[in-house]
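Going left to right, the sequence shown walks through residues 18 to 161 as my numbering numbers them.
The reader is advised that the hints may include incorrect statements.
Stated by the list, open to error - Only pairs whose alpha carbons sit at most 25 Å apart, straight line, appear in this in silico DSS-like list of lysine-lysine:
{"#": "1", "residue 1": "LYS71", "residue 2": "LYS139"}
{"#": "2", "residue 1": "LYS106", "residue 2": "LYS139"}
{"#": "3", "residue 1": "LYS147", "residue 2": "LYS106"}
{"#": "4", "residue 1": "LYS106", "residue 2": "LYS71"}
{"#": "5", "residue 1": "LYS147", "residue 2": "LYS71"}
In case anyone wonders, no lab produced these hints; they're calculated from the structure. Remember, it's a predicted structure, so these values are computed and weren't measured experimentally.
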Amino acid sequence: MSVGILVYLISHYIFKWLFMAKVEKSSKVFTMGIGAYFLTWIVCWVMFVTPLFKPPIATFTYSPQNPIVGESITFNATASYDPDGTIVKYAWDFGDETTGEGVTTAHTYTSPRNYTVTLTVKDDEGLRHKTETIITVSLNVTSP
């Protein structure tokens with residue numbers, strides 16, 4: 018390799034040149050003596066990404082707090098919100114292979130056990146967020 022010439026091709030990018038030889042810098046053109054050289058070219062791209070849209074936040078409550086089999090449980094997601102838009106869909110999964118929709122809904126369980134209830138909200142930009150809560154449904158045990 019004879020004389021190497023390196024030029025900044027795009028002025029607003031930062032290029033770092035690492036040479037294994039003495040380099041003389043003249044403006045944006047680098048010249049070296051005649052010989053073989055190893056050249057490493059490292060391009061650094063620094064990007065800061067700010068999302069255009071913020072996702073919604075899903076949250077809910079349920080009542081009664083200690084439900085029993087056969088009792089209607091009310092689920093309420095009115096505290097869910099979208100910081101930069103509107104929630105357009107509320108989807109519920111009650112953990113017993115049944116689902117529901119709406120800001121508020123009701124559900125009745127037929128067996129005593131723990132159920133994972135999932136609320137997924139979708140906003141007007143198509144972004145989603147979900148939250149889960151484990152609900153313990155008990156048998157209605159009455160004392161003799």
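Verification of the supplied hints:
Annotation: proposed proximity of LYS71 to LYS139 holds, straight-line Cα distance about 11 Å (limit 25 Å). Taking the CA atoms of LYS106 and LYS139, the gap is about 5 Å. The hint holds against a cut of 25 Å. The straight-line distance between the Cα atoms of LYS147 and LYS106 is roughly 12 Å, inside the 25 Å bound, and the hint therefore holds. With a C-alpha separation of about 16 Å, the suggested pairing of LYS106 with LYS71 holds against the 25 Å cut-off.
Our distance criterion of 25 Å between C-alpha atoms is met by LYS147 and LYS71, whose separation comes to about 14 Å.
When each numbered hint is compared with the structure, no violation occurs for any of them.
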